[in-house]
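Q: Given next are the chains, with one letter for each unit.
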Amino acid sequence: AQSVAQPEDQVNVAEGNPLTVKCTYSVSGNPYLFWYVQYPNRGLQFLLKYITGDNLVKGSYGFEAEFNKSQTSFHLKKPSALVSDSALYFCAVRDDAGNNRKLIWGLGTSLAVNP
Amino acid sequence: GAVVSQHPSRVICKSGTSVKIECRSLDFQATTMFWYRQFPKQSLMLMATSNEGSKATYEQGVEKDKFLINHASLTLSTLTVTSAHPEDSSFYICSEKATGAYNEQFFGPGTRLTVL
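Chain order of the listed sequences is A and B.
Residue numbers for the first sequence follow this note's numbering, so the first one is 1 and each next one is one higher.
Residue numbers for the second sequence follow this note's numbering, so the first one is 116 and each next one is one higher.
Derived by calculation from the structure, the hints in this document are not laboratory data.
A portion of the hints provided could be inaccurate.
[Stated by the list, open to error] No more than 27 Å apart at the CA atoms, straight line, and that leaves these computed lysine-lysine pairs for DSSO-like:
1) A:Lys-22 with B:Lys-156
2) B:Lys-129 with B:Lys-181
3) B:Lys-129 with A:Lys-102
Note that the structure is predicted; figures quoted are calculated from it, not measured.
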């Protein structure tokens with residue numbers, strides 16, 4: 001069965017420090033992986049995705065994520081965190097078996113960047 | 116990315132009334148739209164998937180007669196919460212995507228429904 005795990009409910013990091021938000025996945029076919037961010041009382045914003053090619057994907061707001069097939073992971077990273085990065089982050093996966101298959105969502109990780 | 120609008124952003128209604136939420140794709144022809152429900156500090160719960168011109172596919176446990184979805188055109192989908200009750204109070208978010216498993220979804224800003 002397809003699944004996504006975000007093992008940390010909350011991540012705290014000091015401003016200026018690097019941040020990592022973890023995501024692991026399980027799919028039957030080749031994965032399409034996505035990261036989204038949600039600010040309070042707002043919809044979700046797309047950050048980045050991995051489809052194929054280079055394992056390191058760069059996205060919006062200085063975020064990047066590394067696809068690791070052997071570890072079935074797609075951790076979100078940023079070299080230097082900003083207070084404004086504080087938000088809820090969701091990892092999602094879809095396999096390549098069909099055009100309109102639904103996204104499988106992680107439970108989200110709340111990121112708090114402290115000044 | 117694509118721009119998705121939702122209206123209203125916030126609605127308060129009395130128990131027993133029906134509420135319609137509109138989701139519009141402003142610059143994109145969405146072949147597929149998704150409706151999600153989100154409880155406080157929780158993940159997204161997919162309610163249904165709709166393709167333009169066809170009936171919506173509801174997720175297990177979601178009452179289709181309670182949550183009516185219409186996707187009449189490539190740019191408009193509506194969710195009607197019929198005979199709303201306090202337990203229907205939630206944050207409802209629509210999302211759209213183009214055909215292709217590799218395409219990301221674009222989300223509306225959400226509608227906060229409070230049923231008194």
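Q: Each hint should be assessed against the structure and marked as holding or not.
A: For each hint, the structure was consulted:
no.	hint	result
1	A:Lys-22 with B:Lys-156	holds, 18 Å
2	B:Lys-129 with B:Lys-181	holds, 16 Å
3	B:Lys-129 with A:Lys-102	violated, 33 Å
Checked against the numbered hints above, the structure breaks only hint 3 and satisfies the rest.
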